[in-house]
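Start from the sequences, fold in the hints, and give me the full structure.
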Amino acid sequence: MARPIPLELPPRDPREELRTRLEQAPIAHAEALLDSYELLQQLHDHGVFELLRGGFSASDKLIETAVDAAKTDESVRAIRNAILLGKMLGAINPEVLQSVVVAAGETIGGLQKPAVEPPGLFSLLNRFRSKEVRRSIALMGLFLEKLGGQFK
Numbered sequence: 134m135a136r137p138i139p140l141e142l143p144p145r146d147p148r149e150e151l152r153t154r155l156e157q158a159p160i161a162h163a164e165a166l167l168d169s170y171e172l173l174q175q176l177h178d179h180g181v182f183e184l185l186r187g188g189f190s191a192s193d194k195l196i197e198t199a200v201d202a203a204k205t206d207e208s209v210r211a212i213r214n215a216i217l218l219g220k221m222l223g224a225i226n227p228e229v230l231q232s233v234v235v236a237a238g239e240t241i242g243g244l245q246k247p248a249v250e251p252p253g254l255f256s257l258l259n260r261f262r263s264k265e266v267r268r269s270i271a272l273m274g275l276f277l278e279k280l281g282g283q284f285k
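Under the numbering used here, think of the first position of the sequence shown as 134, with each following residue one higher.
Hints are all accurate, no fakes.
Okay, derived cross-link-like pairs now, DSS-like style, lysine-lysine, Cα gap no bigger than 27 Å in a straight line: (1) 204 / 194; (2) 220 / 279; (3) 264 / 279; (4) 285 / 220; (5) 204 / 220.
Across the chosen pairs, the derived CB separations fall in these ranges: (6) 254 / 281: 27 to 37 Å; (7) 235 / 212: 26 to 36 Å; (8) 166 / 192: 24 to 34 Å; (9) 212 / 164: 42 to 52 Å; (10) 198 / 174: 27 to 37 Å.
If you're looking for bench data, these hints aren't it; they were derived computationally from the structure. These figures come from a predicted structure and were not determined experimentally. Backbone N, C-alpha and C define an ideal beta-carbon position, used for all residues, glycine too.
Below you can see the structure in the form of structure tokens.
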């Protein structure tokens, strides 16, 4: 009858494996270690660690102040308004918004100094003959109509 072959595995020592990996790490990762030391030095030079230590030591006071500020009616309204503005910007066709931005830049942004003399009545009426002006007035009229419908 065959006799079984004895298999004796040495006991595994996880601490020894970690020590071996740690000893080989500076050789295997020398460039990464040098980069990380340089980054740590730059963070130290710019005072980031001091700022973090101060923030951690005063974390309770910072959180308390932030919560008190967030509880005010103005903060709640500001957050709600920011959400609504985000929704509004998301609903606007980017091409339309691009047209508004270009038009504003060409009219308001391009002037060195605003015109001192207002245009005459005939000059204004002459501008209304342009299709572009009438198209813009129609768009503003539609906007005002929709806005008025929201205030019922």
